[in-house]
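Protein sequence lines, in the order shown, are assigned to chains A and B.
Mapping to the numbering used here: the first sequence position 92 is 92, numbers consecutive.
Mapping to the numbering used here: the second sequence position 121 is 780, numbers consecutive.
Quick caveat, the hints were computed from the structure, so don't treat them as lab data.
Accuracy of the hints is not assured; some may be wrong.
What the hints assert, rightly or not - Below 25 angstroms or equal to it, Euclidean Cα-Cα: the simulated DSS-like pairs (lysine-lysine) are:
id : chain 1 : residue 1 : chain 2 : residue 2
1  : A       : Lys384    : B       : Lys693
2  : A       : Lys116    : A       : Lys204
3  : B       : Lys709    : A       : Lys618
4  : A       : Lys524    : B       : Lys662
5  : A       : Lys524    : B       : Lys722
6  : A       : Lys529    : B       : Lys755
7  : A       : Lys117    : A       : Lys204
8  : B       : Lys722    : A       : Lys529
9  : B       : Lys709    : A       : Lys270
10 : B       : Lys709    : A       : Lys518
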Amino acid sequence: MVSQIGSLVLSLAGILSLFNFFLFVLYKHSNDQRYLQVIERSLLSQSFCIIFSNLCLLNELLVSNFNLQYVAQYSSYETPLFFKMTALWAGQAGSLLFWSSITSLYAIFFILCTLKKIPSIKNISFLMLNVILAFFLMLNNFIANPFEPVSSDIIVSNGNGLNPLLQNVTMAIHPPTLYFGFIGTTIIFVMAIAGLMSNELSIKWIYSIRKWSLFTWTFLTAGIILGGYWAYNELGWGGYWAWDPVENSSLMPWLLLTAFIHTIIIQERKGILKSWNFFLASGSFILVILGTFITRSGIISSVHSFTAESLGPIFFAFLILLFLISLGTYFVNKSKLIVNDKIESIKSREGGFLINNFLLVIMCFTIIWGTLFPILSEAWNDEKIHIGQSYFNALNIPLGILLLILMGMGPLLSWGNTSGESIVKKFKTPTLFSFAFGSAYLILYLNKFDFYVFLTLIGIVFTSTAIVTEFYRIFLKHRKSSSFFHSILSTFVRNRHRSGGYIVHIGLTLMFVGFIGKAFETEKEFSLKPGEEIYFSNYIFKLNDITSEARGNHFAFISDFDIISSSNNFIGKLYPEKRVYFYWNSDPEQRQPHSELDINSNLSKDIYSIFSSYDAEKNVGFFKIMINPLVSWVWIGSIIMILGAILAFWPTGSRNGNI
Amino acid sequence: MNKFYITLILSMMLVISWTIYLTQYDERNLSSVKYFTVSELSDNVSPINKMKLGGRILPESIKINPDNLLEVSFYVYDAENTVLVEYNGIRPDLFKDDAEVVVTGSYSDNRIIAEDLQTKCASRYEGDLKNKSSI
Numbered sequence: 001m002v003s004q005i006g007s008l009v010l011s012l013a014g015i016l017s018l019f020n021f022f023l024f025v026l027y028k029h030s031n032d033q034r035y036l037q038v039i040e041r042s043l044l045s046q047s048f049c050i051i052f053s054n055l056c057l058l059n060e061l062l063v064s065n066f067n068l069q070y071v072a073q074y075s076s077y078e079t080p081l082f083f084k085m086t087a088l089w090a091g092q093a094g095s096l097l098f099w100s101s102i103t104s105l106y107a108i109f110f111i112l113c114t115l116k117k118i119p120s121i122k123n124i125s126f127l128m129l130n131v132i133l134a135f136f137l138m139l140n141n142f143i144a145n146p147f148e149p150v151s152s153d154i155i156v157s158n159g160n161g162l163n164p165l166l167q168n169v170t171m172a173i174h175p176p177t178l179y180f181g182f183i184g185t186t187i188i189f190v191m192a193i194a195g196l197m198s199n200e201l202s203i204k205w206i207y208s209i210r211k212w213s214l215f216t217w218t219f220l221t222a223g224i225i226l227g228g229y230w231a232y233n234e235l236g237w238g239g240y241w242a243w244d245p246v247e248n249s250s251l252m253p254w255l256l257l258t259a260f261i262h263t264i265i266i267q268e269r270k271g272i273l274k275s276w277n278f279f280l281a282s283g284s285f286i287l288v289i290l291g292t293f294i295t296r297s298g299i300i301s302s303v304h305s306f307t308a309e310s311l312g313p314i315f316f317a318f319l320i321l322l323f324l325i326s327l328g329t330y331f332v333n334k335s336k337l338i339v340n341d342k343i344e345s346i347k348s349r350e351g352g353f354l355i356n357n358f359l360l361v362i363m364c365f366t367i368i369w370g371t372l373f374p375i376l377s378e379a380w381n382d383e384k385i386h387i388g389q390s391y392f393n394a395l396n397i398p399l400g401i402l403l404l405i406l407m408g409m410g411p412l413l414s415w416g417n418t419s420g421e422s423i424v425k426k427f428k429t430p431t432l433f434s435f436a437f438g439s440a441y442l443i444l445y446l447n448k449f450d451f452y453v454f455l456t457l458i459g460i461v462f463t464s465t466a467i468v469t470e471f472y473r474i475f476l477k478h479r480k481s482s483s484f485f486h487s488i489l490s491t492f493v494r495n496r497h498r499s500g501g502y503i504v505h506i507g508l509t510l511m512f513v514g515f516i517g518k519a520f521e522t523e524k525e526f527s528l529k530p531g532e533e534i535y536f537s538n539y540i541f542k543l544n545d546i547t548s549e550a551r552g553n554h555f556a557f558i559s560d561f562d563i564i565s566s567s568n569n570f571i572g573k574l575y576p577e578k579r580v581y582f583y584w585n586s587d588p589e590q591r592q593p594h595s596e597l598d599i600n601s602n603l604s605k606d607i608y609s610i611f612s613s614y615d616a617e618k619n620v621g622f623f624k625i626m627i628n629p630l631v632s633w634v635w636i637g638s639i640i641m642i643l644g645a646i647l648a649f650w651p652t653g654s655r656n657g658n659i
Numbered sequence: 660m661n662k663f664y665i666t667l668i669l670s671m672m673l674v675i676s677w678t679i680y681l682t683q684y685d686e687r688n689l690s691s692v693k694y695f696t697v698s699e700l701s702d703n704v705s706p707i708n709k710m711k712l713g714g715r716i717l718p719e720s721i722k723i724n725p726d727n728l729l730e731v732s733f734y735v736y737d738a739e740n741t742v743l744v745e746y747n748g749i750r751p752d753l754f755k756d757d758a759e760v761v762v763t764g765s766y767s768d769n770r771i772i773a774e775d776l777q778t779k780c781a782s783r784y785e786g787d788l789k790n791k792s793s794i
């Protein structure tokens, strides 16, 4: 019953969006504001319908209504309650409906908050929102309907269950976080188009779009990082980033959005770079759709893509449509974007932002090219090519290091033009520090010299010193007029855009500390019997025992390792497991093996262990151990980055800068 | 300021051409790896530095070295030809007769020294519900 209601409400939303197009024609014809009011209400009800129908699907998952194809495919009676909920976005149809719901949620806030403040962009915003919602409603209703019943000739007694890889708390929050980030770009796109069409690139508009982009950016960043965290802790290839097409598709819009967040500040201050910002804003949504196209069309095989269910052509068509909309909007309104002011000097904050944009956009290009090249190559001359990680590293490591150094230089530059005197004064401390650390590295590690590590180290020292001295300078300024604790508070709370931004930069700098560790990773694969030990990378790994245990939904072989240092000190234990899900199934093809890894982690290194397989006859386990230096810093940096971003978009209250 | 923009555009063009160069398939360029089928390899007599091969494991051809259980050799076949693969490392869970594999490594004399071995997983979580409805 609930599923019929859900399906019905979903169709109703579709009808409303068609009805809206009709209303737009009437509005255009008569210019009667009442039509706009009707459209507004219809858009709101459409959004509520979508969210309601998603709740219906959630209900069906929770009560295990296996009459629905989707429910039967992604959950089972054994699936724990929490993961029945996450099955909402585990499959194609469900995740698309989930996508529509988040769009709706954003649309509601956008209509009720942002558009109340900037009513002049209402008409175009409504039109764009309706186009986007109509597209997703078409997918939800006709192409991937999660309320599709199972075919009448079979009776499903129990569902397939959720993939054990996805039964992990990180995996439960990673997709929705990422979705909130991806879908936030919808509003940025709508605002960019509507702002330009309605000639409303006012300071009010800038404040709003900046709020939205900071909010979106925070979720996108958190989503990408959680994805890496999940891969590192669950997938068992020992890394957090592999330049996989799906990872790349989340990084592409992130890079453009990051660029946008910086140059919108120049537009706010000086009223320039309007066209550039327009392309960054609309481009980030287009790249989100491009990424979705890559992930869902099945043209690229990847660890986490959805398998082919011919959504490729439809997403491609939508991509072209969005592209034409933004190009069209640009060319029709080009005259409104002409500005007289220009950037005075490269030695200025805005000059720094421009170089930062250049680096980010170039990185984005290299990633798009590397991701799409295999498709283009196959289409062009039928050659199947794999673009390896070395391609992405060769380009993005140097570009990333330049960005890191620039991140330290930016805050030291003044708006307009920086005098030579000021440059000497402000660059002195960071330069001295990085010089000292650089020479120390050269002296200590000359035999293992690595150019990129050297440069990254200098970048990290320079940037962190620069930001810390900058904070200190702000603190001293406040100290003149207030107490010690009060000035510490003011340093961070006054001008939150700035202090939040600096904290994000410190977080990113710390992440680079973790990236350095990549250069020193080592690994070993071996087989071992209980009682035996192996020496690797200055540690002794002693396998005490392999035990087995039948648990709720799987069977586990549990290994028990002691880590002993070369000086014979006990360091810790490792218990990597080999699990078999559905082990009761008589058909071995239906069982699902899974390696549950174990990590012994501290600030200097992670000892990462994987129990790959177990030969019960010979009582031999196959293991892989990796020493991954400095990985913890990636997670520490990430947390600081997210906290900084939250500080930056936290409403200031007094200013009219709220969403 | 104009000089600045020109520098920016020039460096952009430089990076773009470097990008495109890196993706061009070339014997010495290891960023871009070409996929082969077994038959395509058999037609090829010259050694290949780095390549990927897709195919199925020839049943009963898997030989594990009894002294080092990580060492394995097996044949990959397609409709017409076979090629020998040698691999030293942990084998994926679904590695068995007739499993679909992707091997990455170097090739010479109809033999591949693999550095990476992956099985294409027939995941129970995707695809048709009909034939597994009674689990």
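Results of checking the hints against the structure:
| no. | hint | result |
| --- | --- | --- |
| 1 | A:Lys384 - B:Lys693 | holds, 6 angstroms |
| 2 | A:Lys116 - A:Lys204 | holds, 12 angstroms |
| 3 | B:Lys709 - A:Lys618 | violated, 35 angstroms |
| 4 | A:Lys524 - B:Lys662 | violated, 52 angstroms |
| 5 | A:Lys524 - B:Lys722 | holds, 22 angstroms |
| 6 | A:Lys529 - B:Lys755 | holds, 23 angstroms |
| 7 | A:Lys117 - A:Lys204 | holds, 8 angstroms |
| 8 | B:Lys722 - A:Lys529 | holds, 21 angstroms |
| 9 | B:Lys709 - A:Lys270 | violated, 52 angstroms |
| 10 | B:Lys709 - A:Lys518 | holds, 23 angstroms |
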